[in-house]
Every structure is written in C-alpha cells, then in structure tokens.
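Peer 1: So the chains spell out like this:
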Amino acid sequence: MSDRRTICVNINGKAYEREVETRLHLADFIRHECLLTGTHVGCEHGVCGACTILLDGKTARSCLMLAVQADGKEILTVEGIAPNETELHPLQQAFQDNHGLQCGFCTPGMLTTLLEFLDENPDPTEREVREAISGNLCRCTGYQGIVAAALDAAKRLQAGT
Amino acid sequence: MKPPPFTFHDPRSIDEAVGLLAEKDNAKILAGGQSLMPMLNMRFVLPDDVIDINNIDDLTYIRDDGDALVFGGMIRQHEIESSDLVAQKIPLMREAILQVGHRQTRNRGTFGGSLSHLDPSAELPSVSMAQDATITVRKRGGARDIAMADLPMGYMTPSFELDEMVTDIRVPLWPDGHGYAFVEFARRHGDYAITSSAVLLDVSDGGKITRASVTVGGVGPSPLRVTAVEDGLLGETGSAELFTEIAEKCRDIDAMEDVYAPAWYRQHLAAVLTRRGLAKAFSRASNGTEINLK
Ligand code: FES
Ligand code: FES
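Chains A and B are the protein sequences, given in the same order.
In terms of this note's numbering, the first sequence opens at residue 1 and continues consecutively.
In terms of this note's numbering, the second sequence opens at residue 1 and continues consecutively.
Because the hints were derived from the structure by calculation, they are not lab data.
You may find that some hints are simply not true.
To spell it out: a stretch of chain A is covered by chain B in this simulated footprint if at least three of its residues, at any positions, have a beta carbon under 8 Å from a beta carbon of chain B; those stretches are [claimed, not checked]:
| id | stretch |
| --- | --- |
| 1 | 7-18 |
| 2 | 33-46 |
| 3 | 65-71 |
| 4 | 79-89 |
| 5 | 109-120 |
DSBU-like cross-link-like pairs, simulated, lysine-lysine; straight-line CA separation at most 30 Å [stated by the list, open to error]:
| id | chain 1 | residue 1 | chain 2 | residue 2 |
| --- | --- | --- | --- | --- |
| 6 | B | Lys139 | B | Lys208 |
| 7 | B | Lys208 | B | Lys89 |
| 8 | B | Lys89 | A | Lys58 |
| 9 | A | Lys73 | B | Lys24 |
| 10 | A | Lys58 | A | Lys73 |
| 11 | A | Lys73 | B | Lys2 |
| 12 | B | Lys208 | B | Lys24 |
| 13 | A | Lys58 | B | Lys2 |
| 14 | B | Lys24 | B | Lys2 |
| 15 | A | Lys14 | B | Lys89 |
| 16 | A | Lys58 | A | Lys14 |
| 17 | B | Lys249 | B | Lys208 |
| 18 | A | Lys155 | A | Lys58 |
Glycine residues also receive a C-beta, built at the ideal position from the N, C-alpha and C atoms.
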C-alpha cells in the first residue's frame, strides 16, 4: 500500500500537477514525472551537486528533498535559465566560450549553483569561485574551465551583456 | 537508491508533531533533510512514518534574550550565516557556520537537525558544546532542558527519547571583547572536518586568561571539552610558548580510529588545531595581544 499525494509544483514558470508517492525524491519528480531531464542525478546522497536546483530562489540539492515538500513552491532548473529558445544566458555562454564543460553531467548543478553565487557576489575572486563550487563534482574538466567561465560570466553580467 | 515506503505527515504545529511522535513507534522527524534524506536514499533508516516539520513556523526564529541567543530548532544554517545578531554576539558560531557543508546544503540544513544527528565532527554541536548551550526537547504533554554536555550518549546518539524532538536551543553569550576561533581541517572545503577545535577565551586587562573553553570535534565519539587544556590556561598570560605547550595535552585524548584517519592522526590534528585556535582567539580578544606561532 503506497502513500500518495497530489502536488502542484511550479517549474520554470509552468505548473505541474501530479499524483506521486510521498517517498519520491524531488530530483526523480522533476526528471520522471515532469520529464525535465536536464537536472542530473549523480549520487542521490547529497555529495555530487549535479541535482542542484533553485527552490524559491535558493539552491538546494533536489535528491535531498521529497517531491511532496515542494508542493506549492517555485523551482528553477537548468531548462529555465536561458531567456528563450535561441539565446543562452550569459553564464551559459561563458561556459561554452571557456570550455566549462566536457560531458556536461555536472553542468546543470554548476550553473544553478553559480547563478545564486554570482547574484550575491557579482565580483568574486578565483578563490571564492572555487569555494562556491566545492560542493559540485566534475569528473572531466579539472575545474579550470569552469572557474574561468564563472569569472568571465561575472564580467559579462556586470557589463550587462 | 530510493527511499523505502513510509507514510508522510506534515504537521503545522509543534503539538501536532509531538502527538504524531507519541503515536507512531517507528517514526523519523524530517527537518532540513541533509542527513536524513541520504540515509533514506541509502536505506540506512527504514521508518514507517516520516514527520516533516518544515511547515511549523514556531521553530524558525532567532531571539535575543540579553544573556543568550535562542534559536528555533528549524532555523536553517544559512539563516544563522546571514544573521547580524549571530555575527555580533556569537562570533564563534559565525566562523564555524561558514565551514558547514556547502551553500546548497546550508540553505536547507538546520540547527536542530545537526544536534539530533550529532555527527562527531559537525560544527554546530561543537559550537554548542563550547558555548554551554541548553537544548529544549518536547514531547506530548511536556518539555525538558538538556545541557549540551549531557546531550551525547555515544557516537551519533543524543540522549533524548524517541518521542521527543528538539524545539529550541539556548546559547549563552560570552562578554563583549572575548576571543574566539573555530579552526578545522577537512580534505575539501565543506566536507565534514576530520578534526576541529573551537576556542573561547576571556582575557583580563593585564592580558591574563580568566576563562577558557576548548572543544575538539572529530576526535572522540562526540565533541569533547578538553578540560586539561582549559584548566592549564587559567591565570596565565597568553604566549606562543604557552599555547604550544598546553595544546599538546590534546594528544592524550582517547581518539576514534576509522578508515579516514588513525587515532594518532586525530590526536595530532587536535593538538595543532588547538594551538592555532588558542593563538587566534587570544589575538582577537580585546585585551589580548597578537600571537604569532612559528
Ligand atoms: S544527486 Fe543530488 S547531490 Fe548527487
Ligand atoms: S563536464 Fe563531465 S562531469 Fe563535469
């Protein structure tokens, strides 16, 4: 007998109403129920950061929340970062230009984490960037390109481009 | 993996939450979820009922009581981090909180959750031990206070009962101008520390240490006050020599051993970090002087 509830979660400006098992974690809800597979699941125990989303504007690891806890809340996932279908957000553009990704598995978590970080620290030092992404694991890039992208993005965002 | 099946409850009041705790005999409280959720995902815990206390507004406050700051059990680590009151009155906590996990986990993780989980190297239990905090736990029909010194019963085991939950944490303040330092060693920023040292010092006009609190985390099964170091500091004038010599007493602590670090290494770190912590705290105390360790 499974415990189920109907929830309504706003993701990237769109309401998703679903009946779910209460034990479903939020990352699986986003991926399997809402079919937004940009949010990645690397470890399911809060270590890799790939599942990071913004919940009511604040980063959270979506594998460490139950979907039912997001009922009535607003979520931003990687799919919602770009302003439209054809343009990239300056942070995304900086990732592309600075080789901030290889396989792209960690990228959704890096982007969401850095969105919140750059919003609060518009002019960070390299050390601060490294600290900000210390909870996000990347197995490809060696972080160099990601750090360069973040610093470049900070400049672009400040210049308003 | 995925969480095991359970029945989910999301009470709106403390009474409702402790009522559920009293009725269900295999229930778990879900606070920030930064420890319980991984444990559920890995099926280290198999509760029949999960009681989510995220919707109880009464548990999310920071109150200034004059001689103490009082925190609701559900206050999030990030709220502690961004509180001016905390930065001003409990600078040790402010310094420690920046070393707790990552921004993503501090946005969710809570003070009460950290004390209930009681990881031996977690920062907030160490700070609570250093500041002689009192923890209020409630159950149906009653509440009681537990001194932080009496909270740990053993490795990751708090002394409250299964039908009790942490509702408030009272953290007594040290006088203005006291010295403080929270230093830890972790392999990666934001990881659980292998070992940490939390130091508080009161220093008189003449530079003499009149009160000392030294707590090491990650060495024993729970944060430990090192009374041998504290006693040795009283009445002394701070100096690099004194701190170097006295911190060596940390090597006598009965230390844990696991796959991450042998006992001697934790004892060594405890001594080194305590020496640095003492120097930093003394330098910061308004009656202290700058101490440079060699
Ligand atoms: S999948 Fe959530 S932190 Fe790794
Ligand atoms: S780009 Fe492959 S994990 Fe980061």
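Peer 1: Each of the hints needs a verdict: does it hold here or not?
Peer 2: Results for each hint:
1. 7-18: Not satisfied, violated; 0 residues make the cut.
2. 33-46: holds (count 3)
3. 65-71: holds (count 4)
4. 79-89: violated (count 0)
5. 109-120: holds (count 3)
6. Lys139/B with Lys208/B: violated (45 Å)
7. Lys208/B with Lys89/B: This hinted pair holds, its Cα atoms lying about 22 Å apart.
8. Lys89/B with Lys58/A: holds (26 Å)
9. Lys73/A with Lys24/B: Holds, at about 29 Å.
10. Lys58/A with Lys73/A: holds (11 Å)
11. Lys73/A with Lys2/B: holds (22 Å)
12. Lys208/B with Lys24/B: Violated: lysine 208/B and lysine 24/B sit about 54 Å apart, past 30 Å.
13. Lys58/A with Lys2/B: holds (24 Å)
14. Lys24/B with Lys2/B: It holds: about 23 Å lies between the C-alpha atoms, which stays within 30 Å.
15. Lys14/A with Lys89/B: Since the Cα atoms of lysine 14/A and lysine 89/B sit roughly 43 Å apart, the hinted pair is violated (cutoff 30 Å).
16. Lys58/A with Lys14/A: Given that 30 Å is the threshold and the Cα spacing comes to 18 Å, the pair holds.
17. Lys249/B with Lys208/B: holds (20 Å)
18. Lys155/A with Lys58/A: Holds. Lysine 155/A to lysine 58/A sits at ~22 Å (cutoff 30 Å).
Hint violations for this structure: numbers 1, 4, 6, 12, 15, all remaining hints satisfied.
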